[in-house]
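From first to last, the protein sequence lines are chains A and B.
For reference, each letter of the first sequence is one residue, going 1140 to 1517 in our numbering.
For reference, each letter of the second sequence is one residue, going 1140 to 1517 in our numbering.
Treat each hint with caution, since some may be false.
Since the list gives no way to pick out one identical chain from another, each pair is judged satisfied if it fits inside one copy or across any two copies.
[As the list claims (entries may be wrong)] Pairs of lysine-lysine, DSSO-like flavour, derived with a Cα cap of 27 Å:
id	residue 1	residue 2
1	Lys1488	Lys1143
2	Lys1412	Lys1304
3	Lys1347	Lys1195
4	Lys1441	Lys1488
5	Lys1342	Lys1412
Hints were generated in silico from the structure; no laboratory data involved.
What follows is the residue order along each chain.
Number of protein chains: 2
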Amino acid sequence: MNTKIAAFLRDSRPATPCLVMDLDIVADNFCALRAALPDTRIFYAVKANPAPAILKLLVAAGSSFDCASIPEIDMVLAAGATPDRISFGNTIKKESDVAAAFERGVRLYAFDSEAELDKVARAAPGSRVFCRILTSGEGAEWPLSRKFGCEPEMAKELLLAARFKGVEPYGVSFHVGSQQRDLEQYDRALAEVADIFHDLAGKGLELKMVNLGGGFATKYMVDIPTAEQYGQAIRDSLLKHFGNRMPETIIEPGRGMVGNAGVIQSEVVLISKKSANDNRSWVYLDIGKFGGLAETMDEAIKYPLVTEHDAEGAESEPVIIAGPTCDSADILYDKADYRLPTALRIGDKVEIRAAGAYTTTYASNGFNGFAPLTEYYI
Amino acid sequence: MNTKIAAFLRDSRPATPCLVMDLDIVADNFCALRAALPDTRIFYAVKANPAPAILKLLVAAGSSFDCASIPEIDMVLAAGATPDRISFGNTIKKESDVAAAFERGVRLYAFDSEAELDKVARAAPGSRVFCRILTSGEGAEWPLSRKFGCEPEMAKELLLAARFKGVEPYGVSFHVGSQQRDLEQYDRALAEVADIFHDLAGKGLELKMVNLGGGFATKYMVDIPTAEQYGQAIRDSLLKHFGNRMPETIIEPGRGMVGNAGVIQSEVVLISKKSANDNRSWVYLDIGKFGGLAETMDEAIKYPLVTEHDAEGAESEPVIIAGPTCDSADILYDKADYRLPTALRIGDKVEIRAAGAYTTTYASNGFNGFAPLTEYYI
């Protein structure tokens, strides 16, 4: 594993469970994405991990920020970003929050409905707005519902209407689904976006920006495309669909920026069977679904687990892995066919790899009395 | 609705989302359970809502407490309970936490495996221990997995073995599943427990206590048994299976103690459709799965929703209800066929009833920047 994190765990022996993030990896991820898409502005999706250390690093690196709420906007401003580097990317905003963002200087807003467009027009007059369209999310590991976005036909109508509401119809956004390994999905979405651009140009509205959203994967159990492969696929699709009328582009990586930079150190609390002839052991860790591993919901995200007994050829056995709370739903992996070393014992450490995204803030506010996840940024 | 909560919401106009709990209802629930099971000790399942106001009320009322962790034990002690009123009911405990509980005077511990029994024997010598057995959870609305408990045969072996480990094999516990409306489930479990008692008595071990767990329901959308009906069913089953050799009994109500005492006040952030001919509207509230309504997972718990437009005969329409975060999984009800008034507008209040249990501590630690749920106890 990452030697910096390994050294920290060895030397500091922090109480478990805890998340340790290597900020150098975040910086590397930022550089890799910038190199892969040199003409694209990067808006870090703050919700993936809003730690001040990460925000400060990305401010210094030149990143912009995709924010979901006023507290996230304030965290980004506190880290030193100017408001022109902030997109209020949530399509579900209280009008009072739009006004608060406008007051802070934010001038770029997402919407996907007439009511939301009207709120932005009233509370953030003159701002740039982009309309999110629905995509299928096919191939994404984290479920993409129809919660965000509208059908392209509605997007066209709303963008045309925006001109008369005192805001600037600036572009279109989409999201291919989190942890998207199928690069073809970007092409499909960009074809739809290009159609909107073309159609609206014919009606006298020249859109300027395509927001390509996120989807950039973190390596869990299976291989993923590299940043360069994501970039190549996106650049090819942009060229194919927009030719020499290339729009401004932005991306909103969250998981792809921080996921592989973090390791959660946990401890085995109990290993047991339910009867003498039970064919699988239960391994209970001191972190579960309510302590930061919410993305194990429906076993969607399969984190790599590493122990000190993993030497090649070491005997392993099938296990059910669960968290420490008194909630019967707090099971991490049952159907996913996890195996752990037969030599694993109570008190042993289990490293949960690639845990830098969607863990700290997903942790519950003290469920069962367990404190939120402790965090170290090194 | 509850006039005390209504008056508070009307007069104080708290910012949404917030939970308002009527402590009188908690007191009423405690009295109703005590009246229904006068010979049974009540151990409140602290995890359902560990607010100091609730703990203090229940300490004064004479309740005991089922705790899942050292922080919960400390909250109960801080509320004025003596340690003899505490059960460390989690079957998954670090040995250091068993030692910490023992140090605080706790002398009653749950286990369901040999390894856990050994931890308790080492770290809490001389204590009373009870073994949790597996039950099917059939009929429970919140999923009951095989996470807790062991098969009865293993329970017998472990309880017999406990005698030689320096702890007192005190009894057996089970859980029929949270929000259990089928009273027959208690009878099935008690038949198994009585068999264990009988079998072990034949081997010279007289167990003394049956822990009936929880399962006591809160009224959400459909009717539920009264406390008296739960009590009658349990008393009948105890008599049937134990006759004149009645054991001590304890219950661990959580949801049944606080669920109906709380209302979450929320606000409509957005109402929208995805296309002009969409047949259902999306209604986005300012609270969702990560803000306290985690029990909407798989639409398991169906909270009653109340608005100011609910007059009899008022027009309503089918809706999808979602939370305010940028997470596509943050949808409360899609398949559950919820309807809301056609007159509902952005900015209107929506009351989420029977929300006193498993909400405040399930709330995430600031996911998307949204603060944990504000709480008022009146």
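Tested hints:
Taking CA atoms no more than 27 Å apart as the test, Lys1488 paired with Lys1143 passes inside one copy only; the shortest distance there is 17 Å, against 50 Å between copies. In the homo-oligomer, the alpha carbons of Lys1412 and Lys1304 lie at most 27 Å apart only across protomers (20 Å), although the nearest pairing inside one protomer, at 64 Å, exceeds that limit. Within a single copy, Lys1347 and Lys1195 get their C-alpha atoms no closer than 29 Å, and across copies no closer than 60 Å, so neither meets the 27 Å cut-off. When the C-alpha separation of Lys1441 and Lys1488 is checked against a cutoff of 27 Å, the pair qualifies only within one copy, where the shortest distance is 18 Å, while the shortest distance between copies is 39 Å.
Proximity of Lys1342 to Lys1412 under the C-alpha cut-off of 27 Å is restricted to the inter-copy arrangement: shortest distance 24 Å between copies versus 68 Å within a copy.
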